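Undergrad: What follows is each chain in one-letter form.
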Amino acid sequence: MGLRTTSKEMDQKSQAGPSGSNKSSVSLVSSLMRSWKITSNPSSQKSSNSNSNSYSNLSGNSSGDNRLNSGNFDAMSKQQTAAIKSSSSYSPLRYSTPVSGISVGESPRPLLYSNHRNGDHESSIKKDAYFKDLDEDWSAVIDDYNMPIPTIANGGISRSNSDNLTSTSLSKAYDPSLPLSRKVTNNSMKSSSSLGTNITQQGTAQSSHNLSYPQLPQLQKSVTSELKLQLEMENERELQKINSIMQRITKFDCIVSDKKIINQQELRQISWNGIPSIHRPKVWKLLIGYLPANTKRQESLARRKRQEYKDGIKHIFTEEHARDVPTWHQIEIDIPRTNPHIPLYQFKSVQNSLQRILYLWAIRHPASGYVQGINDIVTPFFQTFLTEYLPHSQIEDVEKLDPESYMTEEQIGDVEADTFWCLTKLLEQITDNYIHGQPGILKQVKNLSQLVKRIDVDLYNHFEAEHVEFIQFAFRWMNCLLLREFNMSAVIRMWDTYLAETSVETSSGSSTTFQSTGAAGTGSGESNPHTPLQPTNPTFQTPGSDYHSPSSHTNASSKNISSGENNRLRYSSLNEFHVFVCAAFLIKWSDKLMDMDFQEIITFLQNPPTAEWNENDIEMLLSEAYIWQSLYKDATSHWQ
Amino acid sequence: MLQFKLVLLGDSSVGKSSIVHRFVKDSFDEFRESTIGAAFLSQSIKLDEDDTVIKFEIWDTAGQERYKSLAPMYYRNANAALVVYDITASDSLSKAQSWVEELKNKVADDKLVICLVGNKLDLCQEDSGKRSVEISDAKQYADEQGLLFFEVSAKTGEKVNDVFKSIGESLYSYKKEELLSKSEQNGTNTHGQVDLQLQKPATSDPTSCCT
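Chain order of the listed sequences is A and B.
Following the UniProt record's numbering from start to finish, the first sequence increments by one per residue and tops out at 640.
Following the UniProt record's numbering from start to finish, the second sequence increments by one per residue and tops out at 211.
No lab work stands behind these hints, which were simulated from the structure alone.
Some hints here could point you the wrong way.
The calculated lysine-lysine pairs, modelled on DSS-like cross-linking and capped at a C-alpha distance of 27 angstroms, are [said to hold, decoys possible]:
hint, chain 1, residue 1, chain 2, residue 2
1, B, Lys165, B, Lys182
2, B, Lys155, B, Lys25
3, B, Lys106, A, Lys446
4, B, Lys55, A, Lys592
5, A, Lys446, B, Lys68
6, A, Lys228, A, Lys260
7, A, Lys592, B, Lys25
8, B, Lys130, A, Lys348
9, B, Lys46, B, Lys175
10, B, Lys55, A, Lys348
Partial selection, computed: residues in chain A whose CB lies under 10 angstroms from chain B [what the hints assert, rightly or not]:
hint, residue
11, Ile333
12, Pro340
13, Pro343
14, Ser368
15, Val371
16, His436
17, Ile441
18, Arg476
19, Arg484
20, Gln606
Remember, predicted model here, so these are calculated numbers, not experimental data.
Glycine included, each C-beta is placed from N, C-alpha and C at the ideal position.
Sequences are here, hints too, so could you generate the full structure?
TA: Here you go:
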């Protein structure tokens, strides 16, 4: 019910919006596709979340069966390790075996955002990224078995519905209980019947998705190969992809512009799975807590912040300011060698902008100062915020165009200011990474090694035998948030998720600091040294506790705290999630690494074969990290 | 084949990574991303003497002050250290000197081969006004401290291989002495056939060296 309402809203919305024009023409096909997708999805428990009714039933029924408690970690770990190791060619599907068990009844993020949403806006759309990934898992398996058609596992459930399909209405396109694709009806009724039994026992059609996965291997045997359908399938997939992009855009339109107070939690949740490029600049600013959720206040606040930044810059270039020459010089050295392979960063105007941003940040944060790597971290912000000033059709060209060719000096100053503030917000959450001795990084490296020891003990032992130390390769992963490991578009996609992971308390709690205008010297505003986190303030949190950076205590302004109250149940932090991403990244290569010696391992990990990685690869990685996190979260609380 | 562990130290942007890349890959990038933590590379050379093959396992460390606490992990078990400065920046020589001092104080092995290297020779060949460290000053310091000394250009490749060859020869002569004295003691002749295994860092706690 809720879903259908939503989809109607969405439909109206999309027709009003710029993206609605093609919608009806593709809708029928897409609805067919969608139904195929859903039914074929091995982990489609995710889709079940999209229906709020079934979601709550489901989590009640199945949590006991499927949620792991800490006692099972080792067993799970072994099982996973075995699954991963079982073939030399890495198969995401095998890898995901435990997934269906773990997250049944849980959407990809709900562990972290554990409130139950109203449901209306919790449509299945947001899960598209997962659908897409998992579809690809499917195709991998299908290749393995020389089978062009994925046979739909849980199709049996809705056999009776399948006739409706040809006349599927738009609203039905969003219904996860929606049935079979014709391929299923044509090809795999027999095979799905066995599942049908299970499903009936479950009682609700929706919940059946969750149970489908373990049955898959049997199903594949019964599939006949029809090559022409493969082509059709590809076409449909293409259409579906476009359609889902349009739906996502509409969804973001709804959230970002339609309300007086933007629902931060909803925004985080949908952003976790990727942000359309046209929405990205604004959404990033919201996620990180630079722009307030109150849309009425956004403009005035941005204006004030931009002015503050510009006053700060003005001050740096006055005689009153005694320049910190070593810092200025170090930044000057590093700017030309920041992203040296991207034309954007070779333009003088861009280099000057980054120099100002980094220098102002450094002198305002003397406890850390400028540390190499921050020059990398600033670039995704800068590049993304530039796209706000490009026509939509040219967003992809941002890496090639000189901003001076399409922006006024004033606008460049605004982008600089936005970048500065967002950089400040981000670094606030990882202050420990850059202060003297870099304790935050050492701690994360240590946590990574312990995590790998639990998840993949063979790899861990192999590293020990080869005298490979985690710090030898993982230091950079932590210091630059994996920026050096991926190309820029992959990094930006990764940051959609990372920024959705940023601690709400911290970001909202300190959004009104830096009140000083003009007095940019070290005595003002936020320039008090950030002290290292207390030992009691762990990187890995005990579930249920809140993450506070020191700044959230010292700088929290009362009017913003209230927005944090809603998020009390969050117990994740960027640093923690990042360790899981690093673990997923490392374990991805486990099979290869096991055959390597010290030199090969280090060389490989310093130059991982990620040059061609695209958003899908990143999404896969993030999903894996999420899985590890939900599995090992309790375990990590003992690491203090 | 003899294996040796070599570490590069020196101020930020003096060209440590560029020297290594010239030596290992014979390539040069005008703008190379700053090294974070440390980077590992390896390369073998053949010495004229006895056709001995020497394999260098190279740890190229980050130059920025903030990363200084990581350096001990990499020089602790090194057989040779290449301390680099920029001949167009006099500050970088004093930084190099402090590295030399630290090595002498912290590395127990008195057979540690230290080579002082002034980089960016090409800049001074284009425009002699750019030089701010006189070769005689640096040479004098190196002699006093018992260091090998070279001025090189990673950009043109000038003298880069000489640096590693010279380090290799020093290491080899130390090794020969060692083997000789051993064989004298044992009364057998091993003909230098012993494969020198690198000592590898034994600690798994990265923080232990950073205090």
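Undergrad: Given Gln606 (chain A) as an interface hint, is its Cβ closer than 10 angstroms to any Cβ of chain B?
TA: holds (6 angstroms)
Undergrad: Any CB of chain B closer than 10 angstroms to the CB of Ile333 (chain A)?
TA: holds (4 angstroms)
Undergrad: Identify whether the interface hint at Arg476 (chain A) stands, where standing means a beta carbon of chain B within less than 10 angstroms of its own.
TA: The hint holds - Arg476 (chain A) has a Cβ within 10 angstroms of chain B, the shortest such distance being about 4 angstroms.
Undergrad: Hint check: is the beta carbon of Ser368 (chain A) less than 10 angstroms from a beta carbon of chain B?
TA: The hint holds - Ser368 (chain A) has a Cβ within 10 angstroms of chain B, the shortest such distance being about 8 angstroms.
Undergrad: Min Cβ distance, Pro343 (chain A) to chain B: is it shorter than 10 angstroms?
TA: The hint is violated - Pro343 (chain A) has no Cβ within 10 angstroms of chain B, the shortest such distance being about 13 angstroms.
Undergrad: Identify whether the interface hint at Pro340 (chain A) stands, where standing means a beta carbon of chain B within less than 10 angstroms of its own.
TA: Check passed: Cβ of Pro340 (chain A) comes within 4 angstroms of chain B, closer than 10 angstroms.
Undergrad: Going straight from one Cα to the other, do Lys165 (chain B) and Lys182 (chain B) come out at no more than 27 angstroms?
TA: holds (25 angstroms)
Undergrad: Lys106 (chain B) and Lys446 (chain A) were given as a pair; does the straight-line alpha-carbon distance stay at or below 27 angstroms?
TA: The given pair, whose Cα atoms are some 25 angstroms apart, holds under the 27 angstroms limit.
Undergrad: Below or equal to 27 angstroms on CA atoms is what counts here, so check Lys446 (chain A) against Lys68 (chain B).
TA: holds (19 angstroms)
Undergrad: Checking one constraint from the list: CA of Lys55 (chain B) to CA of Lys592 (chain A), max 27 angstroms. Satisfied?
TA: holds (24 angstroms)
Undergrad: Against chain B, run the beta carbon of Val371 (chain A) and see if the smallest gap drops under 10 angstroms.
TA: Where the cut-off is 10 angstroms and the nearest Cβ of chain B is about 5 angstroms from Val371 (chain A), the hint holds.
Undergrad: Quickly compare the C-alpha distance for Lys592 (chain A) and Lys25 (chain B) to 27 angstroms and report which way the hint goes.
TA: holds (24 angstroms)
Consistency with the previously given hints fails for numbers 6, 10 and 13, ordered from lowest to highest.
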